[in-house]
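Engineer: Chains as they are written, first to last, in this note's numbering: chain Z, 69 to 395; chain V, 8 to 243; chain X, 4 to 295.
Hints listed in this document are in silico derivations from the structure and should not be mistaken for laboratory results.
Since the model is a prediction, treat every value here as computed from it, not as a measurement.
Some hints here could point you the wrong way.
To be verified - Below, a list of computed lysine to aspartate or glutamate pairs in the EDC-like style, where the Cα atoms sit at most 20 Å apart: (1) V:Lys-133 - V:Glu-117; (2) Z:Lys-203 - Z:Asp-151; (3) Z:Lys-203 - Z:Asp-312; (4) V:Lys-133 - V:Glu-92; (5) X:Lys-267 - Z:Asp-312; (6) Z:Lys-356 - X:Glu-5; (7) Z:Lys-356 - X:Asp-117; (8) V:Lys-133 - V:Glu-103; (9) X:Lys-267 - Z:Glu-208; (10) V:Lys-133 - V:Glu-180; (11) X:Lys-87 - V:Glu-81.
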Amino acid sequence: MSTVTQSKGGERIAAYGGATAIALALALPFAVSGFVTFQLTQVMIFAIAILGLNLLTGISGQFSLGHGAFFALGAYAAAIAIDSFGLHYGLTLPLAALICFLVGFLFGLPALRLEGIYLALATFALAIATPPLLKFSLVEAWTGGVQGVFLAKPAPPFGLPLSDDQWLYFLTLAVGLALYWVARNLLESRTGRALIAIREHPIAAGAMGVDLPAYKTLIFGISAAYAGVAGALSAIVVQFVAPDSFAFWLSIALFVGLVVGGVGWLPGALVGGAFIVFAPNIAEGVSKGLSGALYGVILIVLIYLMPAGAGGLLRQLGLARGPRSSR
Amino acid sequence: MTALLSVRGLTAAYGDRRVLNGLDFDIAEGGAAALLGANGAGKTTTLRALCGMTQRAGAIVLDGQDIAGRPTEEIVRLRVAHVPEGRGTLTAFTVEENLALGAITRPAREAAADTERVYAYFPVLKERRQQQAGTLSGGEQQMLAIGRALMLRPRLMLLDEPSFGLAPMLVTELFEMLDRVRREEGVSLLIVEQNAALALAITDHAYLLQTGAIVQSGRSEEMLADDGVRRSYLGH
Amino acid sequence: MELFTQQVLAGIATGGIYALMALAIVMIYQAIHHLNFAQGEMGMFSAFVAWQLLLWGAPYWLAFVATIALSFVAGVLIERIVFKPLRRAPVFSHLVVFVALFAIFNSLAGFIWDFTIKPFPSPFGTTPLFGAGLIGAHQAGMLVVIAVVLVALFLFLRTTRLGLALRAAAANPESARLVGVRVGWMMALGWGLASAIGAVAGMMIAPIVFLEPNMMLSVLLYGFAGAVLGGLASPGGAVFGGFLVGVLENLAATYVPVVGSELKLPIALLLIVVVLVLRPYGLFGRKPVERV
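Please construct the entire structure, taking both the sequences and the accompanying hints into account.
Structural biologist: Structure representation (structure tokens):
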């Protein structure tokens, strides 16, 4: 296969595309209903979590099937901080990021010695363990046990002429754009590029004295922080957290979103987020009884059409850049 | 003599990088040919192209059938055995299992007899029959690789650097063995070899490959006498 | 001490379930080097097929054998139809297709046979046998079935030429191709075998957990755990790992207060992660020897 060709035209299209997308994103909530605005907000929330996964996979080449756990951790951190400690909801985002970074880092310390499928399994174990941990009786005072925690919907500040849904939409959009910018810089930074190069040649990296596990752990922590922020936003937007919203399906859905959007192509996160929110709805719209089967079929057809996700397809057409998907 | 293998306009590529630029060569029924050339000239790629392990184009006619479009496992069924670079034995499998795999495309009854035939060529393999291939010495592994190829009862054997990493004495022994296999079983050989003197000694024809093209060819003894070949590949 | 023995026996009884699942998982891992997330759902679907055959009046063992045969064919077809065209797709995409298969089987089973819980017969009966009734006739029969499957698998892989070709294709596809092994078909065979073993697992597990589309969820997880504990390269190890997970799960629930009973699942999983970190190739797996 050819090496990546970066056409000038492709870059211009990307720039125009980005500008158009932002303009569209700013206008959308005024054109659609409150419910659709709410759904779009959810798309962006999942996209933020997928951005984190994309960083992990794009930089370290490893993948996680357990980021739903960090999503849950962020959501609960936010909910508990607001509900039990009266923290302002805006402050819960950095709090969730910090907590998830730390937990992700600590989890990564031993776990990232594992390779490929074994790391996937370890993270999957984390995803499975999440609901029982959240229901655990000793922490019920904070987590609300099976019932979970309900929150009030925050109103727009400074008397902005927005509905609650619109305000949360713009808040999520702002956070998402900021995190996108950070992710992009991380990927394009010298360290990021070096790490990607090293990923292909781990033995050479070892010989050069690069402490690969340390970097990988760091990246794992960062990606966990992304999932945490997404979780916190989700708690605020949905106004509710409960253990069973964070079953392992969430982790799987995030991973599916990553692949459908395309590994290594950051804007693909939005495609992935949209898939998570809308694909089950579409399947259900066609047939209630067979919605699961239809969801599966849609997924298989998508993979047939774009084996490397939306990003891979665009790369083939010369419209996106970035590394070809790794096998 | 009629040609067993007849290659016309063979090209091969790894991705977008073209490695062979239209090779023409023949190997006679029961004949032996050497493929000489510097590192990176495309010798290994030629062998890989012949048995369908790289993208390729051109005509590869084996005994009247064009095999250029066929996958490796089907070409093997036409009794073309490839002893690849690095030997290609399965390191975690026993000697016996490796040999059995060599005859996996042939009837089970014949395979048993052939195992004894290979043990007769390489008695040391019989001693090591229950040992994992990965624990054999370099020379023994090469014997196993050749033994495994013989299990196919090949008409054509492709050998990639059979002398690589072996002690000189072993190399001579191995080449005498190959010569014997050719004479006694009528197996045609195509040998890629760094050690040009040895390769020329047991072949009757030789092709000189340079950056993916054949630049010289002729009878092996003529090549051995040729000044250019001597200087470049024989070191004197 | 008596409590301990009882809990170990109870653990072995449930561990048998995990052991069978782990065996199916290892089988497919051997063939395609992936963990098939849809394995549990495939086993569940097979169990439903058996149930349907029984409903139509087939004698148990006939339904048993027919289900295994059908599942084998289905496994081969899934590889040929779904995965063969994706041979060149990235690994991530394969994992996503497993997820898709999971959703399809789960939903189809619910659609065809609905989500109500159904009893599933055991060919061995339900009389309590020993261990103060902790191990019943069905559990004991299941242990025998596991042993039979293991021995059959061992004989197939170690003594037949097809088994040899299958192992070679899994160990080194390129080398296998060079001796004429049709690697693509070996993968399909691996799928078929895994699917058949999964069917056995489904039919043995259903009498214990009752038949319903979600019956395999936790079983699959513990199966993964067992397979990983024992080492993904070793069928015998996987079976042992499955039993070990069952025993540990029971012991944790009995001896660790509060935490043990409520957090049974997280504890079992934590254990796996710890084992993985200390012994990345499982308790019985080892890095293949290689001499360059």
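Engineer: Does each hint fit the structure? Answer for all of them.
Structural biologist: Structure-based check of each hint:
no. : hint                  : verdict
1   : V:Lys-133 - V:Glu-117 : holds (18 Å)
2   : Z:Lys-203 - Z:Asp-151 : holds (17 Å)
3   : Z:Lys-203 - Z:Asp-312 : holds (9 Å)
4   : V:Lys-133 - V:Glu-92  : violated (24 Å)
5   : X:Lys-267 - Z:Asp-312 : holds (17 Å)
6   : Z:Lys-356 - X:Glu-5   : violated (52 Å)
7   : Z:Lys-356 - X:Asp-117 : holds (13 Å)
8   : V:Lys-133 - V:Glu-103 : holds (8 Å)
9   : X:Lys-267 - Z:Glu-208 : holds (17 Å)
10  : V:Lys-133 - V:Glu-180 : holds (18 Å)
11  : X:Lys-87 - V:Glu-81   : holds (18 Å)
In summary, the numbered hints that this structure violates are 4 and 6.
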